[in-house]
Structure formats: C-alpha cells, structure tokens
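Peer 1: Okay, here's what each chain looks like letter by letter:
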Amino acid sequence: MSTMTDPPKADFRLSMLINDTRYRSLTFQVIAAIVIALSIWYLGNNLIQNLRAAGLNISYSFLGDPSGYDINQRLIEYDSQASHGRAAVVGILNTLLVAFLACITATLFGVIAGVLRLSNNWLISKLMAFYVEIFRNIPVLIWILIIFFIITASMPAPRAYLGEDAERGMTLGLFAFTNRGIYVPFPYFTGGFGGIANWLLVIAVLVASYFSTRVVNKNAQLKQEKTGIRPNTLLLNAAIWLVPLIVVLFLLGLSWDLPDPLANRFNLRGGLQIGAPLIALWFALSIYTGAFIAENVRAGIQAISKGQTEAAAALGLRQGRIMNLVILPQALRVIIPPLISQYLNITKNSSLAIAVGYADITATLGGITLNQTGRAIECVLLLMLFYLTASLLISMVMNIYNASVKLKER
Amino acid sequence: MKKSVILGAATIAGLAAGAAAAGTVDDVKARGKLNCGVTTGLVGFASPDANGEWQGFDVSLCRAVAAAVLGDASAVEFVPTTGKTRFTALASGEIDMLARNTTWTFSRDVDLKFEFVGVNYYDGQGFMVPKELGVSSAKELDGATVCIQTGTTTELNLADFFRANNISYEPVPIETNAEAQQQYLAGACDVYTTDASGLAATRASFENPGDHVLLPEIISKEPLGPLVRHGDHEWGDVVRWTLNALISAEELGVTSANIDEMAAGTDNPEVNRLLGTEGTLGEMLGLDADWAARAIKVDGNYGEVFAKNIGEETPIGLARGLNAQWTEGGLLYSPPFR
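Protein chains in written order, with my numbering: chain A, 4 to 413; chain B, 704 to 1041.
Just so you know, the hints here were simulated from the structure itself, not pulled from any lab data.
Some clues are possibly wrong.
Said to hold, decoys possible - If you anchor each label on the Cβ, the simulated ranges turn out as follows:
{"hint": "1", "chain 1": "A", "residue 1": "ARG25", "chain 2": "B", "residue 2": "GLY726", "range": "55 to 61 Å"}
{"hint": "2", "chain 1": "B", "residue 1": "LYS842", "chain 2": "A", "residue 2": "GLY176", "range": "41 to 47 Å"}
{"hint": "3", "chain 1": "B", "residue 1": "GLU1031", "chain 2": "A", "residue 2": "GLY67", "range": "15 to 21 Å"}
{"hint": "4", "chain 1": "A", "residue 1": "GLY176", "chain 2": "B", "residue 2": "ALA1022", "range": "47 to 53 Å"}
Claimed, not checked - Far from chain A by the CB rule (all over 12 Å, computed), these chain B residues:
{"hint": "5", "residue": "GLY726"}
{"hint": "6", "residue": "PRO912"}
{"hint": "7", "residue": "GLY989"}
What the hints assert, rightly or not - Here are some chain B residues the structure puts well away from chain A; computed CB gaps all over 10 Å:
{"hint": "8", "residue": "VAL728"}
{"hint": "9", "residue": "LYS732"}
{"hint": "10", "residue": "PRO751"}
{"hint": "11", "residue": "THR791"}
{"hint": "12", "residue": "ARG811"}
{"hint": "13", "residue": "GLY827"}
{"hint": "14", "residue": "GLY854"}
{"hint": "15", "residue": "ASP863"}
{"hint": "16", "residue": "THR958"}
{"hint": "17", "residue": "GLU964"}
{"hint": "18", "residue": "THR969"}
{"hint": "19", "residue": "GLY1024"}
{"hint": "20", "residue": "LEU1025"}
{"hint": "21", "residue": "TRP1029"}
Here a beta-carbon is modelled for each residue, glycine too, at the ideal position from N, C-alpha and C.
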C-alpha cells in the first residue's frame, strides 16, 4: 500500500538486498552461487595440492604409449602394440555398438509389450504385465549375469563342432551356436575396389534405390489424386530395390566366409563371431529397458482419449489400423520424452559390460588401461567426458525427432 | 555400478586424507588395528576359512606385522581387493599395506609411487588346460580362448608371449579368480593363465584336479611381494624387516617351537639380535625389543608359513623351488640383522 502513496525512492540502500522482495531472491542466488563456486574451487584445489604432494601429475601422454594388451572384440584394426588411445577407441565403438543394438531391440520389445498389455485378451495382457514387473524389478546387472551364465552353461563348447567327425554338425552347415558365441557366415567381396570402398558402394546403391522408390511412390500418389486410381507399384519398387543391388553384388564378387570347424583345434575359424558377452549384454539391456519402455508406451496410449478409438472404429477401420494410423502417432508425443531417458539409461548401463568380459570403454580405458598405467583420475575424467558427450548427442537426436512428431502449434 | 568412478572419487578423497596424515606407524598404533589388503579369496594365499577367519600365506605376513607393531596378531582388518582396486586402496590410505600376490615391476614401483619392501614368493606365469585337449606345450595354443584376470601383469605377459611366438588367441578378461574358475570349468575358455602358484591353488579347489594339467612353460618372472606407499620410509622399514625376520628366522633355525627357549638367549649373536636379547634393533625401528620374536611366534618362520599354507603337504602342493633359502639353492636371502 505504501508503494501506492510513496513513489519508490531512487537511492539504493544496502538493507534493500534483504528487505526488498525485488532484490532478495537475487541476493540469495548470488550467495548460493558463490558458495558453490568456492566449494568446487576448494575441492579442485585440494585435489591438485594433494596430487602434487604425492608427486603425481595430471598427464594424458600415456594415451600414445603402446597398450600391451589384447582385446577380444574389435571393430577396427587393433593389437597389443597399438596405443592406449586406440584401445579406448575400440572400447568406444564397442559401447556404441551394444548401445545402438540394445536401443533398437528394447524399443521393439517395449512397443510390442506395451501395446499387448492393453489387449482385451486376458492371458496376453497378464503375460505382458508379468514380463514388465519381473524384468524392471530386478537389477540389470543380475540379468546380464544370469543370461551370460545360462549361455555358457547350456550351450556346447566350440569343441563339439570341431574335427572331421564332430559331435554336432553346424545348423544348415552355416551356423554354430556355442557357449562362446554364435558363428555366422560373413559376406566379403573378391573383386571391386577392396575394403571399405565396396561397402560404401553397396550403401550408395541402396540409398539411390530408396530415393528412386520415393519418386515412384510420389508419382503414384499424384496419379491417385488426379484420377482416383492408384497404379500398382509393387513390382516396380521391388525391381528398383533388387536389380541394382544384385548387379552390384555380382560385379563386386560377393562371397561368404563360412565358419570352418577344421581350421583349428580350439575354436571355429572364419565367419562372423557374435560373442557370448555381446549377446548377454545386448539381450539383457534390451529386455530390461524394454520393460520400462512398455510402460511408457502404455501410458502414451492411455493418454489418448477413448473417443479417438471410437471415432476411428466408427469410420470402419480395423483394430490394427486404428492402432497404427490413429493411436500410436498421437501417443508418440507422450512416449518420446521418457523414451529419450531410457536410451540414455541403455548407454550408461552398458558400462556393466565388464561383468561378462565385454570390452566396452569402461573395460578398456576405465579398466585395463587405468590399471596398467595407474592414471585413475585421467581415465575417469575421459570416461565421464565420453558418456556425457554420448548422452547429450543421443538427447539431441531424439529431441529433434520429438520436435518433428509433437503437436504442431501454428 | 560405475565402479571406476567410485574408485576415482575414493582416490581423490583418500589422497586428501593421506596428505594430512602423519606416519603410518603412528596411525596404526593409534588405531590399534592394521588394515591389510589381501585377495578376494585365493586358497592358500588369502581366503576366509569355515569360521570366517582369514587364512593363508599372505595373511600370515599381515598378522606378523600386526604382532610386531601392535603386539596382537589378531589386530588386523583384512580388506579384500581385486586386481583393479588394490592400488587405489593402497594409494588412498584405505589400507596400510598390500599383501596380495602383487608383482614387483618397475612402473608400479616408480610410476605408481609404491614401495615394494621385498619378495615373499618368487612366481612365474603359467597355463592350465584340460587334460583331454592333449596339449603339452603353450606353443600349441594357437587359436585358443584364454581366460585372464584383468588388471594384472599376466594380461601383458600373455600378449607378449603370443606375439613373440607368432600365434593367435582370444582373451577373455575376468574380474576375479572365482569367476575365472567358473568360466574355465564351463568351457567358455580353453586355457586359464595366471601365476603358477595361483593355478596350483585354483586347481586344488577343483572337484577333479587330475583332469587339468599345468603346462611346462613359465612365461614371466613374477616376484610377488608386499608393498606400501612411497615416502613413508619408517613404515616401509617395519614391513620390510618383519618379512626379513621371518626369512632370517628360518635360516637361523628359529621356529615357533623353539622360539621361547631361544628368546631367553643363545650363543648365536645374530639370533640374539633378531630376538632382541642383544642390541637395540627394535628401538631403531621405533618398536620394542621383542618385535621380531612376536612376529615369528604368530605362525612360525617363513618355512613354517609356507609349509602350512601352500607347501607340498597341503592340497595346493607347491614345492619350495626358487623359494628355498639361498643356502639350499633358492633365492630367499635376507640381509643380515646387524
């Protein structure tokens, strides 16, 4: 009331910082910021002082030194003479690989379980509820271990497949399922430009096919709008996808590298080995996070008003199409934001890899390198930087996607 | 979950504590307890028995040090450490000494700022394979899958050995000995490699030890010994000379059976100096005169400790080999007590 009668004085008194509501919150925020900054400075300074007292220094030069250890799963060329830095890159690629695979399968499991949990079929909905509650209420580390132990204990050792008169033949002569992993045929090229260039060429062909089919579909759409009749594009599209691909694969000389049971007395040689640690980690992360995603999906679907379903049904759409065309596209707006944090969880939980001997970044840089060089602080800082960067990138990509599906307000 | 992050934080916190602390001898005396880092469980070297009491070769050394410093062999807090956590635990001051089959290497001594006070077991890295594979030499292991304990020198030796012999292998990194054992028995790896003593200890705990053979190749030198932090020389001296006291006791014929008699005084001046009836060696260490006598009384001299925990009479069945006294063709050689 006084402010109405007395115009505020221009001069500023120090006591106004506490007594005046206009400044009070600002005062407290500044004080809090100073306290936080001081504590961080104190901790950091303490660390530096103590490191100096102990005669240690922060240095990253060890990243260039030869690592001296081998890694079982490498996506790039690596041996024990390569540097610690390269070992870290091998670990990063392994982390990204398992995170990528697990994100895809977890989404698949999650969407299926989430939709089925709302099914009218009593058995199916209860089974899905059972899946969700069992998997999300047991720590993921336990799932990783149990799946790994089941693989190693229940599958035969590779020895069963080896030799002329092996105990077991390979499935279809192509696949071997062992307790060290699954061996599958792997494609390679005998001709062409060698190495990665061939693969890039194949990808380029596929991308070109994709855009060609888009053009075809767009033309069909135009024709449909003009005449009401949609020309049949199925055969044409199939030809656009397949013919160039087959031609290019033939020209490059595609061959298959098959697992060979005779080459070695300990293991199968050749083909692509998908190691048991990768399978255990991948499957455990997908099925565990899938349970959380299922709940997100259910929440998203239930957030859509029942009127939408009824309206779509009134138009004569079938159940499956109602879900795909009406409900899920709207539900995505509710599903995507929590889905982002599930993807981040997968990426971070993949650091449990060491439990089953999977060589992710925590196992290489944060495990063996840290141990052999003793550079704990440097390695942990690098690890933090990597996980932070990876998580922020995933967030960014998913936020862009979210922006594209969210309600457009014009 | 993020073990290494926690370790990093522990290092930081521990370094803060370590820098402020006084000498470790005083710390241990003030605490009334010795914090000793051991393995998470390796039969014969350090593992809890049926009553939960820690037993083993390394454990005996911890108890001897506790007896020398505190006069009570049971005043030891055993801290189980893995290959990965052990150095952080020691550097941070969480433990006062580490007696955990740790190989004395240049970089650990110099770069990691630790002090190896001696060698209590001369070891070397070996290989164990199932007998049915019919392998008789490590050079035949081309293409094999090998289980290794991660964070140890064995990892590096293994890479060097296979590289030098131009043969390939698949490493399976494993955190603890128990897990490695389980993986090896399930056939997830063909070969298990670690220090030969550790292999013998592991094999002894198998249901059918006879189904597994140790290959003849020893691919590395692994002098295992207790270590302490760099810079605290008084404490380093205490641990070093406790170890030397056990070794000298064997050389001089002092055993747990005759020590009381010998402690009353003998004709051998070195025995007298060791047991504190002559000279002031204990005082020089900052301990009392019969420190060494107490250390020897715990489990006997080096030879007795060896025989009781890992010797040929035990399931582990290790011969003295390099670990015999120098007088008997081994490498054990304690500097004189003078």
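Peer 1: Take the hints in turn and mark each one as holding or not.
Peer 2: Cross-check of the supplied hints:
1. ARG25/A / GLY726/B: 55 to 61 Å: 58 Å, holds
2. LYS842/B / GLY176/A: 41 to 47 Å: 33 Å, violated
3. GLU1031/B / GLY67/A: 15 to 21 Å: 47 Å, violated
4. GLY176/A / ALA1022/B: 47 to 53 Å: At 50 Å between Cβs, range holds.
5. GLY726: GLY726/B clear of chain A: closest Cβ-Cβ about 15 Å, beyond 12 Å.
6. PRO912: 20 Å, holds
7. GLY989: 23 Å, holds
8. VAL728: 19 Å, holds
9. LYS732: Per Cβ check, LYS732/B is outside 10 Å of chain A; nearest 23 Å; holds.
10. PRO751: 23 Å, holds
11. THR791: 6 Å, violated
12. ARG811: 8 Å, violated
13. GLY827: 18 Å, holds
14. GLY854: 4 Å, violated
15. ASP863: Violated: least Cβ distance 7 Å, not greater than 10 Å.
16. THR958: THR958/B clear of chain A: closest Cβ-Cβ about 39 Å, beyond 10 Å.
17. GLU964: 46 Å, holds
18. THR969: Since the minimum Cβ distance to chain A is about 44 Å, THR969/B lies beyond 10 Å and the statement holds.
19. GLY1024: Given that every Cβ of chain A is farther than 10 Å from that of GLY1024/B, nearest at about 28 Å, it holds.
20. LEU1025: Check passes; 25 Å lies beyond 10 Å.
21. TRP1029: Consistent with the label, TRP1029/B stays out of reach of chain A, its closest Cβ about 33 Å off (over 10 Å).
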